[in-house]
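K.L.:
So the protein lines, in turn, are chains A and B.
First residue of the first sequence? That's 1 in this note's numbering, and the numbers climb one at a time after it.
First residue of the second sequence? That's 1 in this note's numbering, and the numbers climb one at a time after it.
In short, the hints are calculated from the structure, not lab data.
Bear in mind that the values here come from a model prediction, so they are computed numbers and not experimental data.
One or more hints might be untrue.
[Unchecked claim] Incomplete in silico selection of chain A near chain B, CB under 8 Å:
1. Glu42
2. Gly43
3. Leu44
4. Tyr98
5. Lys99
6. Leu100
7. Phe102
8. Gly103
9. Ala104
10. Gly105
Even glycine gets a Cβ: it sits at the ideal position worked out from N, Cα and C.
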Amino acid sequence: GNSVTQMEGPVTLSEEAFLTINCTYTATGYPSLFWYVQYPGEGLQLLLKATKADDKGSNKGFEATYRKETTSFHLEKGSVQVSDSAVYFCALSLSNDYKLSFGAGTTVTVRA
Amino acid sequence: GAVVSQHPSRVICKSGTSVKIECRSLDFQATTMFWYRQFPKQSLMLMATSNEGSKATYEQGVEKDKFLINHASLTLSTLTVTSAHPEDSSFYICSASRSGEQYFGPGTRLTVT
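Pulled out of the complex, with its shape left as it was, chain A reads as follows (with noise of 0.2 Å):
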């Protein structure tokens, strides 16, 4: 079946720190990968997306690269803010019927 696996967390940083937040995937067939963000007392957002190998996704100085070779979109931003502090979802999809798949969603928290 489809699964993703992500970080756990909480992962707490500093103003202007790098972040990475590891997601890998199991998957029949080719799936479109995304990264949600939950920001506190709001629903999912889609952040980025990248729906074949080597593509990149990115959004608001986030990025992650579709890594086929390694089954892995994880995600990265090189200077975080405290306005980035969210809840970050990993997801995939298969083209044929949109439904998503959830990693189990890794909580951020910024410092100033």
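Keeping the supplied structure of chain A fixed, place chain B upon it in accordance with the hints.
P.N.:
Okay, now just chain B, sitting in the frame of chain A:
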């Protein structure tokens, strides 16, 4: 654009009663909506896929008679938790699909006492 709302945001009910949760796409039409359940510090688990004008498709292990889903219009899907029990207490999240992308509601916190 692509805003999804849920109502209520929080609900407390007594064991044995039923609770209805609404999911609305406010500025677009969604032929497909999804219902998820999220346990504390755990991931979202897909419960069912709701298709406008037809029966919902439930994931394995989800009781269709307990979690009734109705997608009566292109902007509204409802989830009714029937004869709720404390183990049904959870965070329920819906999403609406547009152009292959899912847009999520803010979630509903259900507590069954």
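K.L.:
All hints are to be evaluated individually against the structure, with a verdict given for each.
P.N.:
Verification of the hints:
1. Checking Glu42(A) against chain B: minimum C-beta separation of about 6 Å stays under 8 Å; hint holds.
2. The interface hint given for Gly43(A) holds, since its Cβ lies 4 Å from the closest Cβ of chain B, which is under the 8 Å cut-off.
3. At its closest, the beta carbon of Leu44(A) sits 4 Å from a beta carbon of chain B; the interface hint therefore holds under the 8 Å criterion.
4. Satisfaction of the interface hint for Tyr98(A) is found here, the shortest Cβ-Cβ separation to chain B being roughly 6 Å, below the 8 Å cut-off.
5. Because the closest C-beta pair between Lys99(A) and chain B is about 6 Å apart, less than 8 Å, the hint holds.
6. Taking 8 Å as the C-beta cut-off, the interface hint given for Leu100(A) holds, the closest approach to chain B being about 6 Å.
7. At a threshold of 8 Å, the smallest CB-CB gap from Phe102(A) to chain B is about 4 Å, leaving the interface hint in force.
8. Interface restraint check: Gly103(A) against chain B, minimum CB-CB distance 6 Å, threshold 8 Å, status holds.
9. At its closest, the beta carbon of Ala104(A) sits 5 Å from a beta carbon of chain B; the interface hint therefore holds under the 8 Å criterion.
10. A hinted interface residue such as Gly105(A) counts as satisfied when its beta carbon comes closer than 8 Å to some beta carbon of chain B; here the least separation is about 6 Å, so the hint holds.
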